[in-house]
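Visitor: Construct the complete structure from the given sequences, taking the supplied hints into account.
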Amino acid sequence: MSKLNMVQAINLALQEKMKDDDGVVVLGEDVGVDEGVFRVTAGLLEKYGEERVIDTPLAESGIIGTSIGMALTGMKPVCEMQFSGFSYLIMHQLEGHASRMRQRSLGAWSVPLVVRMPYGGGIRALEHHSESRETFYAHIPGIKTVIPSSPRNARALLVSAIEDPDPVIFMEPKRSYRAFREDVPDKIERMELGKAQIVQEGNDITVISWGAMMRPVIKAIEESQKEFNASIELIDILTVSPLDEKAIIDSVMKTGRVVIVQEAPKNVSISSEIVARINDKALLYLEAPVKRVTNYDVVTPYFSRELDFIPSQGRIKRAIKETLDF
Amino acid sequence: MSKLNMVQAINLALQEKMKDDDGVVVLGEDVGVDEGVFRVTAGLLEKYGEERVIDTPLAESGIIGTSIGMALTGMKPVCEMQFSGFSYLIMHQLEGHASRMRQRSLGAWSVPLVVRMPYGGGIRALEHHSESRETFYAHIPGIKTVIPSSPRNARALLVSAIEDPDPVIFMEPKRSYRAFREDVPDKIERMELGKAQIVQEGNDITVISWGAMMRPVIKAIEESQKEFNASIELIDILTVSPLDEKAIIDSVMKTGRVVIVQEAPKNVSISSEIVARINDKALLYLEAPVKRVTNYDVVTPYFSRELDFIPSQGRIKRAIKETLDF
Amino acid sequence: MASALIAYEKKSNKNKLKFDTVKFYFNKGQNMPKKITNRFSVSYLQILDENGKVDKKLEPKIPDKDLISMYRWMVMAREFDERMLKLQRQGRIGTFGPSIGQEAAHCIPAYLMNEKDWMVGAFREAGARLIRGETMEQALHFYNGYEEGNAKPEGSNILPVSIIVGAQALHAVGIGYSLKYRKVKDAAVVTFFGDGATSEGDFHEAMNFAGVWQVPVVLICQNNQWAISLPRHKQTRSATIAQKGIAYDVPGIQVDGNDPLAMYVASKEALERAKSGGGPTLIEAVTFRMMMHTTADDPTKYRTDEEVEGWRPKDPLIRMKTYLINKNIWSDTKEEEMRAEVKKEIDEAVKNFEANPSFDSALVFDHTYGNKHYTFEEERTEFLAERAKEAENVKA
Amino acid sequence: MASALIAYEKKSNKNKLKFDTVKFYFNKGQNMPKKITNRFSVSYLQILDENGKVDKKLEPKIPDKDLISMYRWMVMAREFDERMLKLQRQGRIGTFGPSIGQEAAHCIPAYLMNEKDWMVGAFREAGARLIRGETMEQALHFYNGYEEGNAKPEGSNILPVSIIVGAQALHAVGIGYSLKYRKVKDAAVVTFFGDGATSEGDFHEAMNFAGVWQVPVVLICQNNQWAISLPRHKQTRSATIAQKGIAYDVPGIQVDGNDPLAMYVASKEALERAKSGGGPTLIEAVTFRMMMHTTADDPTKYRTDEEVEGWRPKDPLIRMKTYLINKNIWSDTKEEEMRAEVKKEIDEAVKNFEANPSFDSALVFDHTYGNKHYTFEEERTEFLAERAKEAENVKA
Ligand SMILES: Cc1ncc(C[n+]2csc(CCOP(=O)(O)OP(=O)(O)O)c2C)c(N)n1
Ligand SMILES: Cc1ncc(C[n+]2csc(CCOP(=O)(O)OP(=O)(O)O)c2C)c(N)n1
Ligand SMILES: [Mg+2]
Ligand SMILES: [Mg+2]
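Protein chains in written order, with my numbering: chain A, 1 to 326; chain B, 1 to 326; chain C, 1 to 396; chain D, 1 to 396.
One thing to keep in mind: the hints can contain errors.
[To be verified] Label-pair distances were calculated between CB atoms; the ranges are:
#1 74(B) <-> 372(D): 15 to 25 angstroms
#2 381(D) <-> 292(C): 55 to 65 angstroms
#3 352(D) <-> 188(A): 19 to 29 angstroms
#4 188(A) <-> 384(D): 45 to 55 angstroms
#5 272(C) <-> 74(B): 14 to 24 angstroms
#6 115(D) <-> 307(C): 42 to 52 angstroms
#7 389(C) <-> 49(B): 53 to 63 angstroms
#8 74(A) <-> 387(C): 45 to 55 angstroms
[Unchecked claim] Cβ-to-Cβ under 8 angstroms is the rule here; a few derived chain D residues that face chain A:
#9 87
#10 90
#11 94
#12 233
#13 358
#14 374
#15 376
#16 384
#17 387
#18 390
Source of the hints: derived by calculation from the structure; they are not laboratory data. As the structure is a computational prediction, the values presented were derived from the model and not from experiment. For each residue, glycine too, the CB sits at the ideal point set by N, CA and C.
Guide: And the structure:
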C-alpha cells in the first residue's frame, strides 16, 4: 500500500501492464524523454526503451492511426493525446475505424487500444487545455469512455482499460493529477468498465458526478449533510459510456431526488443522457426534477474566467438544497 | 411557386444567395464540374465560374480551414462535406477555430460560414454514408446545427444559414433529397434559426422529430390519429442546436405525453437533451415517461441491415400507442 | 535488378541538423552564389510499352507459370468487375467502384506478397483482394451491404475495405511498426490509395511516420488520373506523386502502372527493401480509371470520351497478353479456355452468393463490443421484440 | 535581388499529366537507363554570418533607419519576453512560451508587411505581434487568461494566437484566396508555424491548397530545432523542411533564421512574389529556441546545456548589432539609450496591464454567438444569479 497521487497511480498502472505484456507500448508527443508534459510516463523510457515508449512526430491522427494498426496485430498501444483539446483531430479514426473494425469484420478484427488524455479546467492553462468534451466519445458506439476521479480508481480502471478488448478513451482529470494522494494497494487492482461506484449510500437524495467534479461534490456533500441534515447517496459514474444505468436507477428509486454535476457544458451531454435514462426507467419515482449543475453553453473562456463557469462547491450545494426543498 | 424536391430547393437557396452577394462561394469535393454527387450544386459553376464554385483537393480539413480564412475576410463560404461521415475530419477546425473565433476576440472576428452535409441512411450506400451524428455538432458552443425536413424549409433555412453571422452546420437528410416535392414560393423565404415549427397542433400527445424521420413520423401520426382516435401535436425541431426549448415545453404542458423520434443512436443524443429540458422545465406536466424512438447504440450496420435499426413507421406508431396508453 | 532504381539522388545534410554543419554545393558558372544544399530527382519506370516493346535491359526474369498466373488474375479481376457491373445494374448488389484498367497496378504487387505480408487497401483493388484470398462471394456480400463480406480469409492478412480516403495508410504504418518490433521475418505491409488520397492529411502523416520509423511498408498510389470528377492536376500542383516522397526522405518512383513488368520490378524491389530493413517506399502507379468512379457516378459530366479512348490501347491486359504471346507461352485457344474457366468460377460464386441472400441483423449487437454490457443486452432484447412486431405487422 | 533565389530547379513535366507525354532525362554514362524525369534542389541562404561577416554579393540595400528600427523591434521582443518570464515566475501572468533567440525569424518578415497584409501566427512570434500593432498590454492580458488580449489593433490584420498546431496555416490560405478573389492590390498573408507543425495533416493540406490555388501566402516555418522535447531529426526524416515544398510544387528555401539580412531578403522576395501573382513560398527559418518550450516546461530533461550554448553566439541580436556598428550607424551609447527607452515602454505597459487586472465574465455570453437566442439569455441570467450568490457566500 502506498500513498500516491493520480499521476503516480496512472504511472503505476502503465508500469504494471508494460511489465506484464510486451505488446503494451506507449506512444504520443513527449511521452518518452520528457516523460509526458505531466510526467505521467515517468521512468517508462528508461525501463522499456525507445521501441516501447515512442516519442512520435507531432500528429494526432498519426498517433491514433498507427496505434490502430498496432492493435490490429495484437499489440496493445496506450497512446496519449497531450491534451484532450487536441483529440478532435482523431475523431475520424475513432469513429471511422477504431470503433468499427470489430463489427465491420464480425469479430475477425479488433482494436484493443487505449487513448489517454488529460481533460478539464482549473490549472490556469492556455486555450484548448480546459475542455471537458466526453460527449463526443460517449456518442460513438463501439468505444468505451472512462473517467477516473481518484488515484486508486485511476490505476485500477487503467489496468482494466488496457486489458479491455476494445478501444477505450481514458480521460484524466488533470486538475486532480496532483491534488491529493490516496492509498493504492501494491497488488494489481482492476475495476470493471461500465460500472459506477456508490461512493456513499444515502436515502434523501442522489448526487451523480465523475472526474474532476468529484472533489467539489464531495465537499459540497459533506457540508450539505451537516447543514441540511440530509442523507446523501453519491455515485461516481467512472465509465460515462456505456453508462451503469442500473446503479443510477436503483438509487433514484430509493431517493427520488437527483443532482448531476458535470464539468462539461449542458447541451447534449452525459447529464442529458442520465436524465433521459431516469425518465425511461424511473420517472414515477422522481419527487423533484433532476437538477443538472453544469458548465454553461458558451465557448470555453480563457483561464482567468473559467472558474466562474465550472460548477463550484457553492453552486453544487445550492443545487442539493434546492432539490431537497422542492 | 414551383414544385421542387429538396435537392432543387437547396440549389435554389444557393442560387439566390450567390446572386445576392458576391462574397458567397461554394467549395468542396466535386461541387463544380460534377455539380455535387447529388447534383445539389447544379448550374452554379456555369453561372458563377471557377472562382466562386471551387472544386477543392480531396481534404476536408483543408476545405473547412480555408473556409474559415475566407469567412474571416468577410466572405461567405458555403462548403460541402460530401457525406457527413467524412465531417469528423473537420472537428478540430470547428471546435478549435470556427466556433471560437468570435468569443476569443470578443467580437472582433467572426466566422460566418455554412457547412452543408448530406446525412443519414436509407439510400443503400456504402459504409460511412449513413450516419446521423448531429450530437457532435450540437455539443459545440458557438455553432448552430440545422436539419431541414422538406424542400420548402430546406430552402428557407439555408438562406437564413448563409445570412447568419456564425458557423452553421446544415445537415441534409439525403433520404429525403428526391423523395417528394413541395410548393416552394418564388420569392426568397427565410426561417429563423433556433426556432422549431409546430407542424400540426394537438392535445393528447406531442411527437418531436427532425430531418429524414419526419416522413415516417407524419405517416405514423396519420395512422395513429385514425386508429387511436388521438389528437397529436407534431413539432419539427429544424434547429437541433440551439434548441427551441419553449416550443417543446409549451407543447408538453398542453399534452403531457411525448414521443421523440430520431435517426441517431440513443446514447447522449438530441433526444436525451430534449428529455432533459422537459425534466428541467415541465416535469410535473408529464403524464407518462417521454418515449424515445431512436437507432440502437451499435456500430452503424451496412446498408442491407440498416433499415432494421432506423426507426420505422411501425415502431413510431407503437411508441405513440404505448405512450397514449401509459 | 540492383536496388538503385527506386531512389532519388541524395546529396543531403541529413542527420546533421545544425545548419552550421551544412555543406554547400555551389552551382558553378553562376554569378549569384546560390547555395544548393540538397538535390533530388524522381525517376520513371516502364519496361513493356503499350506497343508490346520490351526494354531488354530492364526485363525481369519471371517464370512462365508466374507470368501466366498473373495474367489470369488480372483477367479474373476484369471479368469479375464486369459481372459486378451487371449485377449492380440489375439491382442485385449495391453501389460499387470498378477497378477496370488498373489491374496491373494492384494485382501485380498483391501477387508478389506472401502469407505473412499484410494488405491494407482502399476500395479499388478488387483483383488484389482476390489474390490475397478474399472470395468473390465475400466481395458480393460486401457490395450487397453485408459485413459478412469482410470475413478474414484463412492464412491471409488483409484488412477490410477502407472508405475514408487516406486513413488506412496510417494503419499500414502501425502494422509495419509491429512487424519491425516483433522482428517478423520476411514480412511487409502493402497499402493502396488513390491520387486523391495524397491530398488528405492522413497520407502526409503516414508518409512522415513511415519515414521516421523506417517501417517495412510499401505505399502504392494508384494514380488513375481522377478522384471522382477532380483531375489529377487539380488535386496537387506537383508534377508527380512520386516526388512527394522527398518531403519525408521516403524513396519514391513513378511507374507505368499499366505495365505489368514495371509494376513487378518496382513492387519486388520495394518489398525486398522493406524486408531487408531498408524502410518504406512510395510507388506512384500511373494508370487510368476506365469506368465510372462508382456505379452512382456519371463520368460523362466531367471527362471526354477521347480521354478514355486514349487510354484503351494502354490496357494492362492487352499488354500482358501480347507479351505472353511474343514469348510463345500463350495463344488464343489458351485465352479462350482460360476466360471460360474464369467465367465459370464467377458464375459459381454468384450462385453461392445468391443462395445466401440475407443474414441475421441482431449479429450487430454481438460485435459492437467484444464483451457484454447489460444495457446493450437490453437493447438487443428491445430490438428483437420490435423486429418481431414488425414481422407481425407485415404478416397482418 | 533577382527573384531566382527561392526556387528549386524544375525540369518537370508539369501540366502534362498523361505519362506518355513525359520527356525522359537519361543520366548519361550510366549503364541502367534510369529515366530521371524530374530534378529538384533546395538552397540555403545566409548573408550575415555569426562572425558578422557579410556576403557582399547578397547584401540587401536597406535604409539605415529601417535597419535600426528592425533592430529596435528585436530588442523590444527580447526585453518583453524577459519581462514576461519574470512576471510569470511571480505569478502575475500564466504560462507562456518565450521566443527568445528567434527574433529575426519572425520580426523581420513582420517588419516587411504593410497594413493590408495579414498575419496568421501560431504562438511564438511575440515580436511580430508587436510590430503588427498588438500592444504589450494585450499580450499580458492574453497570457493572464483574458480574451481582451485578442482585440484587433486598428488598421492591422492580425489573427489571435493559434494554439492548435498547424491549423492556422489553412486559415492563411483561405485569406489568401479572398485577397486573390477580391483582387486586393499589394496584399499578402504571412503565416508562421514551427518545425513540429510540419508533421500535422493541416500543414500538408495548407501547402497543397496553396499550391493548387496559387494564393499570395508566405509560409514561414520557424524551425527552432525542437517541438517541446522532440528534436528536429525525430520530427521528420527529411534533411530540410524547405524540401517539403517540392511535394506541392511550392518553392521553398532554407534560410539562416538568425540572420536578419537573410530573413529580410527571403521574406521580401516571397512577399513580392506573392503580391505579383507568383503564388506561395515556403521559408524554413533555421533558428533555435533558447528557452523552455513554455514556462511549464523543463528543457533540461531533454537537451544539453552545450547545445543551447552552441547557439548563443549565433544570436540574431548580437549579429544585427555588430552589423550596425560595422556600418557606423550604431554605438554602445545608442544601445544604452534604446534599451532604456524600451524598458520604459515595457514598464508602462505592465503598469497599465496591472491597473486593469480583471474583466467581466458575463461577456462570454455576448460573444459565443453574434445574435441572441433566448435559451442563452436564460443561461446568462442563471449565471449572473449564481455569481451573485457566490459573492454573497464569500462576503458571509
Ligand atoms: C475522407 C473522405 N472524403 C471523401 C470521400 C468520398 N470519396 C470517396 S472516393 C473519392 C475520390 C477518391 O479519389 P482517389 O483517392 O483518387 O481514388 P479513386 O477513387 O480514384 O480510386 C471521394 C472524394 C471519402 N470516401 N472519404
Ligand atoms: C494539435 C496540437 N497538438 C499538440 C499540441 C501541444 N503542443 C503545443 S506546442 C507543441 C510543440 C510545437 O512545436 P513546433 O511546431 O516546433 O513549435 P515551437 O513550440 O517549437 O515554436 C505541442 C506538441 C498543440 N498545441 N496542438
Ligand atoms: Mg484516383
Ligand atoms: Mg519547434
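Visitor: With reference to the structure, classify each hint as holding or not holding.
Guide: So, going through the hints one by one against the coordinates:
Between residue 74(B) and residue 372(D) the beta carbon distance is about 22 angstroms. The supplied range of 15 to 25 angstroms therefore holds. Judged by the Cβ atoms, the range 55 to 65 angstroms given for residue 381(D) and residue 292(C) holds: they are separated by roughly 57 angstroms. For the hinted restraint 19 to 29 angstroms between residue 352(D) and residue 188(A), the CB-CB distance of approximately 57 angstroms leaves it violated. The hint said 45 to 55 angstroms for the Cβ distance between residue 188(A) and residue 384(D), and at roughly 49 angstroms that hint holds.
Remark: the range hint 14 to 24 angstroms for residue 272(C) to residue 74(B) is contradicted by a beta-carbon distance near 56 angstroms. A beta carbon spacing of about 47 angstroms between residue 115(D) and residue 307(C) agrees with the range 42 to 52 angstroms that was offered as a hint. A hinted range of 53 to 63 angstroms holds for the C-beta pair residue 389(C) and residue 49(B), which are about 55 angstroms apart. For residue 74(A) and residue 387(C), the Cβ-Cβ distance of about 36 angstroms falls outside the hinted range of 45 to 55 angstroms, so the restraint is violated.
At about 14 angstroms, the closest approach between the beta carbon of residue 87(D) and any beta carbon in chain A exceeds 8 angstroms, and the interface hint on this residue is violated. Below 8 angstroms, beta-carbon pairs count as interface contacts, and residue 90(D) has none with chain A, the closest being about 14 angstroms; its hint is therefore violated. Interface restraint check for residue 94(D): the shortest CB-CB distance to chain A comes to about 5 angstroms, inside 8 angstroms, so the restraint holds. Taking 8 angstroms as the C-beta contact cut-off toward chain A, the hint placing residue 233(D) at the interface is violated, the least distance being around 11 angstroms.
A least Cβ separation of about 7 angstroms between residue 358(D) and chain A falls short of the 8 angstroms threshold, and the interface hint therefore holds. A distance limit of 8 angstroms between C-beta atoms decides the matter here; for residue 374(D) the minimum to chain A is near 13 angstroms, and the interface restraint is violated. Of the supplied interface hints, the one on residue 376(D) holds, with its beta-carbon coming within about 7 angstroms of a beta-carbon of chain A, less than 8 angstroms. At its closest, the beta carbon of residue 384(D) sits 10 angstroms from a beta carbon of chain A; the interface hint therefore is violated under the 8 angstroms criterion.
Proximity of residue 387(D) to chain A holds as hinted, the smallest CB-CB distance being about 6 angstroms (cut-off 8 angstroms). With a cut of 8 angstroms, the hint placing residue 390(D) at the interface with chain A holds, because the nearest CB-to-CB distance is about 5 angstroms.
Hints 3, 5, 8, 9, 10, 12, 14 and 16, counting from the list given before, are not met by this structure.
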